[in-house]
Amino acid sequence: MTPFTIKTFFPSGDPSGFRISEITNDSLQAFYIPKEDVKKIVESRLELTWNGVYTLFSNPSNGNNAYIGEAENVGNRLKQHLKEDTWEIAIIFIINNREHQLSKADIKHLEHLMYTEANKINNMNLINANTPHNSFVSESRVYDLKHIFKNIDILLRSFGYPLFNKTSNFQQSKSISDKNLFHLTLRDADAWAYYNFKTSETKVLAGSKLTPQDGTISFQPKQFNELTKNGIIKNNIFKKDYTFSSSSTAAKTILKRSASGPFSWKNKEGKSIKDLAK
1 MTPFTIKTFF PSGDPSGFRI SEITNDSLQA FYIPKEDVKK IVESRLELTW
51 NGVYTLFSNP SNGNNAYIGE AENVGNRLKQ HLKEDTWEIA IIFIINNREH
101 QLSKADIKHL EHLMYTEANK INNMNLINAN TPHNSFVSES RVYDLKHIFK
151 NIDILLRSFG YPLFNKTSNF QQSKSISDKN LFHLTLRDAD AWAYYNFKTS
201 ETKVLAGSKL TPQDGTISFQ PKQFNELTKN GIIKNNIFKK DYTFSSSSTA
251 AKTILKRSAS GPFSWKNKEG KSIKDLAK
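Those letters in the sequence shown? Residues 1 to 278, per our numbering, in order.
Rather than coming from a laboratory, the hints here were simulated on the basis of the structure.
Please read these numbers as outputs of a predicted model, since none were measured by experiment.
Treat the hints with care, as some may be off.
Stated by the list, open to error - Think about it this way: if two alpha-carbon atoms lie no more than 20 Å apart in a straight line, the pair counts; the simulated EDC-like pairs of lysine to aspartate or glutamate are:
no.	residue 1	residue 2
1	Lys108	Glu43
2	Lys234	Asp190
3	Lys240	Glu201
4	Lys229	Asp14
5	Lys234	Glu36
6	Lys108	Glu47
7	Lys146	Asp188
8	Lys179	Asp241
9	Lys40	Asp85
10	Lys209	Glu22
11	Lys108	Glu88
12	Lys108	Asp85
13	Lys39	Glu99
14	Lys40	Glu84
15	Lys229	Asp188
16	Lys79	Glu43
17	Lys83	Glu99
18	Lys234	Asp85
19	Lys203	Glu88
20	Lys120	Glu72
21	Lys229	Glu47
22	Lys150	Glu36
23	Lys234	Asp14
24	Lys79	Glu47
25	Lys271	Asp188
26	Lys268	Asp153
27	Lys240	Asp14
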């Protein structure tokens, strides 16, 4: 492994939102874009009208899905995906150098390579309807594109999406027993969490939605306000995984009222934490 530096720019000033990352002295740029910001960002960035490849990711509660694509106007293609409900985060890759743009053959070759490697590693569930077709590129260009792929892998891992890396801790999270995964749907909430039966810690997963309803008189908003201030919760959605000390603390924050976590959280069979703890 060779040491390297990644530079990340946050144009909106929000550390949990849109960002642009690049490895120092390399022209590959990665645009990390939350779904709700796609239209605004795509329409304001000239670079996103260029050729590129992209990945779409769901949160773990929706099955750790991933989609790999390519387009000659990658931003416009991303807007076409907005009607789909299978993803929350898009990451676009382009070469930010007018004289060395990726060609159509390049992005088709990269898409095929990314899909093949992701399918081999099987860290996430690929939801592409078809296997991407490979295109012909010269022998020397194959090695150029392998280098670009290596940096795509590095940048994805820096964002927390090890799509091509078998040794990642991400693979370990997939092995957690289903009995540890619980769902909370009271008051129109839609939240998923892993519960630790030994410590009572409750890890709420990114993408989980809080109740859209106002808090009740019993709601103590201190922790909610703190999580909102730190960018963990934005627009009533968890933008990152967050571990609460107990299932009840998690439930109270999500439901904005007093709640008993052991009774409120249910697994896919409809059994509560309390039922399974007996």
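The hints, checked one at a time:
{"no.": "1", "hint": "Lys108 x Glu43", "verdict": "violated (24 Å)"}
{"no.": "2", "hint": "Lys234 x Asp190", "verdict": "holds (15 Å)"}
{"no.": "3", "hint": "Lys240 x Glu201", "verdict": "holds (16 Å)"}
{"no.": "4", "hint": "Lys229 x Asp14", "verdict": "holds (11 Å)"}
{"no.": "5", "hint": "Lys234 x Glu36", "verdict": "holds (11 Å)"}
{"no.": "6", "hint": "Lys108 x Glu47", "verdict": "holds (19 Å)"}
{"no.": "7", "hint": "Lys146 x Asp188", "verdict": "violated (46 Å)"}
{"no.": "8", "hint": "Lys179 x Asp241", "verdict": "holds (19 Å)"}
{"no.": "9", "hint": "Lys40 x Asp85", "verdict": "holds (18 Å)"}
{"no.": "10", "hint": "Lys209 x Glu22", "verdict": "violated (31 Å)"}
{"no.": "11", "hint": "Lys108 x Glu88", "verdict": "violated (24 Å)"}
{"no.": "12", "hint": "Lys108 x Asp85", "verdict": "violated (25 Å)"}
{"no.": "13", "hint": "Lys39 x Glu99", "verdict": "violated (27 Å)"}
{"no.": "14", "hint": "Lys40 x Glu84", "verdict": "holds (17 Å)"}
{"no.": "15", "hint": "Lys229 x Asp188", "verdict": "violated (23 Å)"}
{"no.": "16", "hint": "Lys79 x Glu43", "verdict": "holds (10 Å)"}
{"no.": "17", "hint": "Lys83 x Glu99", "verdict": "violated (34 Å)"}
{"no.": "18", "hint": "Lys234 x Asp85", "verdict": "holds (18 Å)"}
{"no.": "19", "hint": "Lys203 x Glu88", "verdict": "holds (19 Å)"}
{"no.": "20", "hint": "Lys120 x Glu72", "verdict": "violated (26 Å)"}
{"no.": "21", "hint": "Lys229 x Glu47", "verdict": "violated (31 Å)"}
{"no.": "22", "hint": "Lys150 x Glu36", "verdict": "violated (29 Å)"}
{"no.": "23", "hint": "Lys234 x Asp14", "verdict": "holds (11 Å)"}
{"no.": "24", "hint": "Lys79 x Glu47", "verdict": "holds (15 Å)"}
{"no.": "25", "hint": "Lys271 x Asp188", "verdict": "holds (19 Å)"}
{"no.": "26", "hint": "Lys268 x Asp153", "verdict": "violated (33 Å)"}
{"no.": "27", "hint": "Lys240 x Asp14", "verdict": "holds (13 Å)"}
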